[in-house]
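S.K.: Required output: the full structure, derived from the provided sequences and hints.
In terms of the UniProt record's numbering, the sequence shown is residues 1 to 64.
Don't take every hint at face value.
To be verified - Each pair of labels, with its calculated beta carbon distance range:
#  : residue 1 : residue 2 : range
1  : Ala43     : Pro6      : 46 to 54 Å
2  : Asp44     : Ile3      : 32 to 40 Å
3  : Tyr49     : Ala26     : 21 to 29 Å
4  : Gly45     : Gly4      : 48 to 56 Å
5  : Arg13     : Ser42     : 35 to 43 Å
6  : Ala5      : Arg48     : 40 to 48 Å
7  : Gln46     : Ile3      : 18 to 26 Å
8  : Ser20     : Trp53     : 12 to 20 Å
9  : Glu47     : Gly4      : 46 to 54 Å
10 : Val24     : Glu47     : 24 to 32 Å
11 : Thr41     : Met7      : 40 to 48 Å
12 : Ala5      : Tyr37     : 32 to 40 Å
13 : Ala14     : Ala43     : 40 to 48 Å
These aren't lab readings, by the way, just hints derived from the structure by calculation.
Glycine included, every Cβ here is placed at the ideal spot set by N, Cα and C.
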Amino acid sequence: MLIGAPMKEILWRAFAVIVSRPCVAAWIIRRAQRTPYQHITSADGQERYMGRWWLFEGYDRARQ
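M.R.: Next comes the structure, spelled out in structure tokens:
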């Protein structure tokens, strides 16, 4: 079954409303912070410029 463009827009907006609630957003951030990704650091590597995390880990843990 194909969903029309207006229906997709309604679903995405509903999703955005749900995940933008502070309690849901905080849970998503806490969950993602359990799986760190390579953080962006300064040129000399001393300071972290931006922390990055996976919400869904892209790699199989068994292979690491």
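S.K.: Each hint: holds or not?
M.R.: Now the hints, each set against the structure:
For the pair alanine 43 and proline 6, the beta carbons lie near 48 Å from each other, so the given range of 46 to 54 Å is met. For the pair aspartate 44 and isoleucine 3, the beta carbons lie near 50 Å from each other, so the given range of 32 to 40 Å is not met. The hint said 21 to 29 Å for the Cβ distance between tyrosine 49 and alanine 26, and at roughly 23 Å that hint holds. Distance hint check for glycine 45 and glycine 4: the Cβ-Cβ separation is about 50 Å, which falls inside the suggested range of 48 to 56 Å.
Restraint check, arginine 13 to serine 42: a C-beta distance of roughly 38 Å satisfies the suggested window 35 to 43 Å. Take alanine 5 and arginine 48: their Cβ atoms lie about 41 Å apart, and the range 40 to 48 Å holds. For glutamine 46 and isoleucine 3, the hinted distance range of 18 to 26 Å is not satisfied, since their beta carbons lie about 49 Å from each other. Serine 20 and tryptophan 53 have their C-beta atoms about 18 Å apart, which keeps the hinted 12 to 20 Å range intact.
For the pair glutamate 47 and glycine 4, the supplied restraint of 46 to 54 Å holds, since their beta-carbon distance comes to about 49 Å. Range check, valine 24 to glutamate 47: about 31 Å between beta-carbon atoms, so the 24 to 32 Å window is met. At roughly 43 Å, the beta-carbon separation of threonine 41 and methionine 7 lies within the given 40 to 48 Å, and the hint holds. Against the hinted window of 32 to 40 Å, the Cβ-Cβ separation of alanine 5 and tyrosine 37 comes to about 33 Å, which satisfies the hint.
Range check, alanine 14 to alanine 43: about 43 Å between beta-carbon atoms, so the 40 to 48 Å window is met.
Checked against the numbered hints above, the structure breaks hints 2 and 7 and satisfies the rest.
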